[in-house]
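Engineer: Residue numbering for the sequence shown follows my numbering, starting at 888 and increasing by one per position.
Because the hints were derived from the structure by calculation, they are not lab data.
As the structure is a prediction and not an experimental result, all values here were calculated from the model.
Note that beta-carbon positions come from the ideal geometry of N, C-alpha and C, so glycine has one too.
There's no promise every hint is true.
What the hints assert, rightly or not - Label pairs and their computed distance ranges (CB to CB): (1) L923 <-> D973: 16 to 24 Å; (2) N913 <-> A948: 35 to 43 Å; (3) F971 <-> A935: 16 to 24 Å; (4) G946 <-> S1011: 21 to 29 Å; (5) T970 <-> L893: 31 to 39 Å; (6) P976 <-> F896: 33 to 41 Å; (7) L923 <-> A902: 35 to 43 Å; (8) P972 <-> A948: 20 to 28 Å.
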Amino acid sequence: MTDHRLNDFLWAVGAIGAGSLLLLFNFDLLSQFEPLAQFILAGFCAVAGVGFVVGYLSGRANWWRLIPAWTLFALSGMVFLSTFPDVDPRLIAALLFVGLALAFAHIYLLDRSNAWWAIIRAASCSYSVW
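Using the sequences and the accompanying hints, generate a full structural model.
Structural biologist: Okay, structure coming up:
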């Protein structure tokens, strides 16, 4: 029998800590560290996306891991581009739909006969960009 109380406690402490940190950023108490935090968050999203790609490559039957991988890559790009004030916010928001469209297009290209449904989702995400 395993005791999951310590694991649950650590997740709770982590969630409370992350929420407190976000609250401090929201109240502009840590505004001087905001660009650094955005770069760290962009890097974290990219590393998490690489983790999902590695998980997919270790078992090619787990095609579903490509969806969070491409989404995390798009989120990484969104967070990175949001550090530059000259970039249009509509372009930053469209990047998420581009990432989702790439994910479904990738799934479709892996197995065209069985994953026909993925091209429909890729097209709808692509249409949402415009």
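Engineer: All hints, please: hold or fail.
Structural biologist: Now the hints, each set against the structure:
At roughly 19 Å, the beta-carbon separation of L923 and D973 lies within the given 16 to 24 Å, and the hint holds. The hint said 35 to 43 Å for the Cβ distance between N913 and A948, and at roughly 42 Å that hint holds. Judged by the Cβ atoms, the range 16 to 24 Å given for F971 and A935 holds: they are separated by roughly 22 Å. As the Cβ distance of G946 to S1011 is approximately 28 Å, the hint placing it in 21 to 29 Å holds.
A hinted range of 31 to 39 Å holds for the C-beta pair T970 and L893, which are about 37 Å apart. Distance hint check: the CB atoms of P976 and F896 are about 39 Å apart, consistent with the given range 33 to 41 Å. Distance hint for L923 and A902: a CB-CB separation of about 22 Å, inconsistent with the stated range 35 to 43 Å. Look at P972 against A948: about 44 Å separates their beta carbons, and that is not inside 20 to 28 Å.
Hint check: violations occur at hints 7 and 8; the rest are consistent with the structure.
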